[in-house]
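Engineer: Protein chains in written order, with our numbering: chain A, 1 to 331; chain Z, 1 to 443; chain H, 1 to 318.
These are calculated hints, taken from the structure and not from any lab test. Here a beta-carbon is modelled for each residue, glycine too, at the ideal position from N, C-alpha and C. Please note that a few of the clues may not be correct.
Across the chosen pairs, the derived CB separations fall in these ranges [said to hold, decoys possible]:
(1) Z:234 <-> A:320: 43 to 51 Å
(2) A:74 <-> Z:304: 46 to 54 Å
(3) A:257 <-> Z:429: 34 to 42 Å
(4) A:319 <-> H:174: 44 to 52 Å
(5) A:319 <-> H:90: 22 to 30 Å
(6) A:146 <-> H:173: 49 to 57 Å
(7) H:90 <-> Z:317: 33 to 41 Å
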Amino acid sequence: MNWSLIVWNALYTGINAAAAGYCLVASGLNVHVGYTGLLNFGQAGFAAVGAYAFAIPVATYGWEWYWALPLVFVASILFALLLGLPTLRLRADYLAIVTIAAAEIVRFFLNSVRFTWLTGGSDGRNQFTGFFQDLNPLENNARYKLGAQSIDGYRLFMLFVGWGLVALIALLVWALMRSPWGRVLKSIREDEDAARALGKNVLMFKMQSLILGGLIGSLGGLILSSQQQSAQSGQFATTLTFFCFTIIVLGGLGRVKGPIVGTIIFFFLIQLIDNTLEQATRRDKIPEWLVDQNNYGQIKFVVAGLALAALVVFRPQGIFGDRREQVFDVR
Amino acid sequence: MNGLVTSRLLTPQRALLLGLGLAVLSFVGPGQQAHAQEDPPQSIAGRVFNQTLEDGERIREPVADVVILVETETGEAISEAVTDVDGSYVVPVPEPGTFVVRIDETSLPEGVEVADDQKEGETVIVGANQRENRTFFLGDSSRDTKGKWELLPQTLANGLKLAMIIAITSLGLSLIFGTTGLSNFAHGEMVTFGALVAYFLNREIGWHLIPAAIVAVAVSALVGIGLETGLWRRLRNSKTSLTSMMIVSIGAALAARYLFLFFYGGTQEAYGQYTLQPDAVDIGPIALAPRSLWVMSLSALMIVGVALFLLRARFGKAIRAVSDNPDLASSSGIDTDRVILIVWALGGALAGLGGVFYGLEFNVKWDMGFTLLLLMFAAITLGGLGNPFGALVGSLVVGIFVELWTWVVPNANDLKTVGALIALIVILLVRPNGLLGSRERIG
Amino acid sequence: MSVDTTSVFAGVTPEPGAAKPDPILVADSVRRQFGGLVAVDVIHAEIQRNQITALIGPNGAGKTTFFNLLTGFDEPDGGTWTFDGHSVGGTSAYKVARLGMVRTFQLTKSLARLSVLENMRLGAGSQRGERLFAGPFRWLWRGQEQDITERADELLARFRLDQMRDEFAGNLSGGQRKLLEMARALMTDPTLIMLDEPMAGVNPALKQSLLDHIKQLKDEGRTVLFVEHDMDMVHEISDWVLVMAEGRLIAEGTAAQISGNQQVIDAYLGAHHDVDLGAMDDQEAMEKLGLDADDLGVEALAHIGETARGVGEPEGSA
């Protein structure tokens, strides 16, 4: 077993451009769940909208990036309105169910053979990252060393773009959440009737939160697809949303650094498990009747699911949080 | 991230998983090696029948050794297959897309020919990971060429069939929601579990499907009881909020789903009995396989039974009382914990049965329950959350909507569930508390 | 029984729906049904400006539902009402609150994971920093925030919560939360403040100071309408009393007039399963009523409340 390679690879997975994309998607979800108490289970839908609203015009219709980028914002806001209008008045359960349904509708459409001409079907779209490639001061195809990890110039650049965006968004979220606007969101999370009784237009604040968090999630989707130079509907399954839930609960709900800490730890651990199993099965360190080359990959999902359940029960405040600050109250 | 692996044979891993859930297990040693057989995830399959009319009665016989050709729309050959003794063929296709399936007429036995409307072949759109079915009829072509409106009754019947399955699974989901307030996102995995237990007993151990199904239902009920006593009751007692419990159920569902994939693999499999039933029963304009009629009748029987139980039986009334107002129910001497335990057992059993039925109709798959989960949620939401009778109405709407969608939009099988999900959102816009829901208090 | 009946209510007939000289709130035909149960059916009610009015009645009488309807937290099946000349029937809760008609809740809604000070600041109306696009830029709202904080600190001092200023509201005692909720409502500078059972769950030591706070509200020129079960409190601070039973307004008058009202006694006793009415004459019944003032409100009447509560009142009332 090459432990140094395993650990280096796990570390890299914790901070690579894909992790930054996840971190953005999770940051948006944190605005919804952590600050406003909106149970959005369709964050993957926002990410998909972000990825395809950029990829389709550029790859299918040859638009310039500066026309496509605003479309990401427009499409994401429209999606938020579409989700929010029927559900924000209703009980939290309805929002949970409708958001997960809406995200799946988006994915089904993107994946559908009928719309292959538009979306590329299950192959998705590529050839839309020229903008990032042109912007890259590094050699796109050259190899660079990051510890024991070797990556190409494009992904290294996207790593910086992704985490740069994470930093900007974290700053924005921090500034907003210390403001009276953020105070109203938190009061809605605690008890929306109390906010209403004090004259706050709860519906409007919830919608603003849904739009803001959705926009951040869309940017995350854009980074996710751009870093691998391909927008595929398979990336935006419900698992993405559930991973992001695990990430924000792990890092601490309703904290600015929650998604960042959560992402790094989550992907480090997941990849550590995955790499170890991969090596162990390849070198016959584990009996084949237990785990083999073909199915070790499922273990990480099982671990992620169990981690989510266990965290919510045992450490709802996140691994570093103060129990008083936990967002889901244990009444 | 998703390297779906397919392996058709009994792998010891599967045995281990199912063994954990089952007391009835014959030992499967680790000596049996799995030969992973990589199938492309999507395929076109179907059967070829010779169809003759004798004394006004339609007789269909499978035809073996017929060559089936799959081509692209431009006529480029992709792949081919030969029918077996059942007349069945499976043609794997390397990637999703639009294909033309046709019969190589030179391979046909003497005296039969392809029906006129199938001479050019059939255009099939195959979605990712989907299996499209196309059946060919040979002979003196009495196959009806039906217009769209003539297909409507059949579509509705198919919708009703799906609705029945959704109904028995969502009844449990609705009762659990009603009595505990929990939106159980792991209910879909309970459905899959039932289907897989039956599959294991039926295909791996070799039991007939009926005893296998009965044991699967019983084991599912036990799992429901185990989850309630081992997990949910503890969480309730430690005053865990409903939101937290909902997220726990999501985590559990994710873990369970990938455990199924780990042990069972990514294939779609059919049960050993009742799956090949070419001789459909004709009821007016509708043709249904005997299997489907049984599934529908048994589901209807279950639904009526549960409804009567809720309305008439003492215990059923207690369940409804707990749904209406748990505090009042417990203060008037109802043992709420016991009621909830029974609801979980009932919910588990119904989910397991629904899983077997779903597997019979649409094959067994590791994520079949998750696919169904959204439809179940759509059904109970449409019916008004927590109202078991609403769940029935909602199931009817959802099931029929799913099938009707493919009738309205042809060749959109990979968008099947979308129709129902869109209906869910639209109906919530118009009737925010579901079809049968009463007006919600906000204050 | 220290109510001064020679005041504004001198000319008012003590009967349900009586007209007041200067009503701030006028409700007509307000009706709300839950399934088959009529929770509220008030034909006419007026609340006098700058007075303390109590709303009493047995559990399940529809008092909280009436509150919810008036403040926009529930939708009526019919009816109109005006507040300070504005028609507010069917208006959203937050708009009602902005007009100056602010309520508190029976079960306190302190925002547990916000500090006491943040709870108070939230109450202030029309804050520039509550706009999404102004939020990130502190200089746009800093000045206003300082004014709000000053006002909050004054109120906290008045309600003796200044020690707890930076604590999470979730760490306060039940009584302190009641005080915080009232103080927070005052941050909105309401004209009419509606208190839903302000005394429920408050320990006796705090009760007197709470009463003084309510009286002070009147001195500040505000109108107070409160739901209460504690008859001592009703007697001590209310200028006028409305009585509801089974959703209807059945009596009005000063506290003294109400305690002798036959219909009120019937309404309470009708709910009192434990009392053998046949064996008592009215006098005895009245004594029983008087003796069990607390009991009436909370314990004994709980039975009738329960049936109605399932559909009517919010969870956990009483």
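Engineer: Compare the structure with each hint and give your call.
Structural biologist: Hints, one by one, checked against the model:
1. Z:234 <-> A:320: 43 to 51 Å: violated, 26 Å
2. A:74 <-> Z:304: 46 to 54 Å: Cβ of residue 74 (chain A) to Cβ of residue 304 (chain Z): about 51 Å, so the range 46 to 54 Å holds.
3. A:257 <-> Z:429: 34 to 42 Å: Because 38 Å falls inside the window, the suggested range holds.
4. A:319 <-> H:174: 44 to 52 Å: violated, 32 Å
5. A:319 <-> H:90: 22 to 30 Å: violated, 48 Å
6. A:146 <-> H:173: 49 to 57 Å: holds, 55 Å
7. H:90 <-> Z:317: 33 to 41 Å: 38 Å Cβ-Cβ, so the 33 to 41 Å window holds.
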